[in-house]
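J.: Given next are the chains, with one letter for each unit.
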Amino acid sequence: MLSSRVLRLPRKPFVDLDYAKHMPAAYVEKVKRTVPRKTFGDRFGAPDIKMYYVHPDDYVPSHRRPWEDKQLSEHLHRADKYFSAQLSNKFMRFRYPKNERIADTEWTFFPGDLVQVMVGKDKGRQGLILTISRDTSEVIVDGLHTKLGEDMEGSDKLGVDKTLRWQLNGAGDEYIRVSTKSGYEIPIPSQAKVTYEYLQPENYIEVEGKDTPADLVLTRTYIPKVASFEQEIMEEIGIKETRTPKPTYWY
Amino acid sequence: MWRNLPTLLSSAVRTQKFPLATARLSTDANMQQFFDDEANFGKAELRPKYRPGRAWTADELRLKSNSDLHKLWYVCLKERNMLITMRKAHVSRARNMPNPERFDRVQESMDRIEEVVHERNDAVLRLETGESAAPRERTITSFAGFTYQKPAKEHYLPPENGQKEYEVPYLDDDAYMMQKLWTEKEYMKRRDQEDDVKRRAARTDDMERFKRGAPRVFNR
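These protein sequence lines are chains A and B, in that order.
Quick note: the first sequence uses UniProt numbering, first residue 1, plus one each step.
Quick note: the second sequence uses UniProt numbering, first residue 1, plus one each step.
Treat the hints as calculated values from the structure; they're not laboratory data.
Even for Gly, the Cβ is constructed at its ideal location relative to N, Cα and C.
Keep in mind that a hint or two might mislead.
[What the hints assert, rightly or not] Straight-line distance between alpha carbons at most 27 Å, and here's what the computed DSSO-like set of lysine-lysine pairs gives: (1) A:LYS121 to A:LYS30; (2) A:LYS81 to B:LYS49; (3) B:LYS49 to A:LYS210; (4) A:LYS38 to B:LYS185; (5) B:LYS49 to A:LYS246; (6) A:LYS30 to A:LYS123.
[Stated by the list, open to error] Non-contacting residues of chain A with respect to chain B, defined by C-beta distances greater than 10 Å in every case (computed): (7) TYR19; (8) ALA46; (9) GLU106; (10) THR219; (11) THR248.
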């Protein structure tokens, strides 16, 4: 019953739209250097002590991808500074990042959107969004630059769709992007689906000999059986085990 | 049958099931499996045509039979060996390895295979014996008074006197004092941390700009 209710929940496609969608989380943490340099564990029940390359409180996100050369060298430099401060027993002030990440349901900008800048020196100019940075709440428009959340007052006069919201569609099974002012649906541009691996999911080039074709991945070969993994493999290879193990003690 | 298996699997199976075919390959060809495609040599970033995609997700792996998972594990292992060889080659020539996230992609796949196998074993074991397939743990109390889960070890003989550790409801004097001081220290650390958060929130941009401290307020 619970699963059927979950299946009936409307889809939120915008939650998955991320350039780094398929990047392994462990790799991203590694290039951010917010991983422990050393963990002192096994402390008789007391929590582990972790020494970080760059403490998570010290990590300041940027509009650049963390694995890009320039950003990575910045992180390495910070890690060196942090470590040398630790070695010389000096106080090091962490740069606690100020802006908080905007919730997925609040965020309505995607790459490929035509936007008009409403404040700042580029006020009134229009352009397509090149990249968005969710971590820093930044939107990079081709040639122009703006930052969200900075003095948005006075932008009413320009008569442009200022705010969008996520709303259920007619069938009630999917969230769509709707202008608050005019009530029109503003479809998500195809450019929003771009990730590091592909420009469009259907245009992904499968690497011969490495990638498994999509249809084969989704072929079901599992037939449940009351046997453990090891038993089934032994049966397949033809290993017969007749000995019965003696009881052992776990302590 | 080969059609039903993903390509990586079918190539792996072919080498497994027909040892003659493997034997016919020269040693060079076998050694080649430890190296990347030559098209990838000396690249800063792999071209999309040669850049492997994302890791297997747990949901996809749940569709696959146990023998498929078994084969996929070794396919991943071979890929990981290849990557380690390439990394060694790059490091020895002081070069950057292209697309190092491939390590983590393979590792993610392998972790998820383990997860799915554990799920299946757990279901069978719970059904048959009522026990979990997870590694056994025991709740014990250390000499310092901390009560925690410790992985149990397997022994052939039953425990001798004092060999088996237990959870202790009442701590002795030393452990009690240790715990008392520990909680006090943790409380003070937490209090200082909360103060720091408040102080940081109260700082304005002007204070950063003019290098000024916050106004001093006594008897707040």
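J.: Hints numbered earlier in the text: which of these fail when held up against the supplied structure?
T.: Per hint list: 1, 2, 5, 6, 8, 10, 11 violated.
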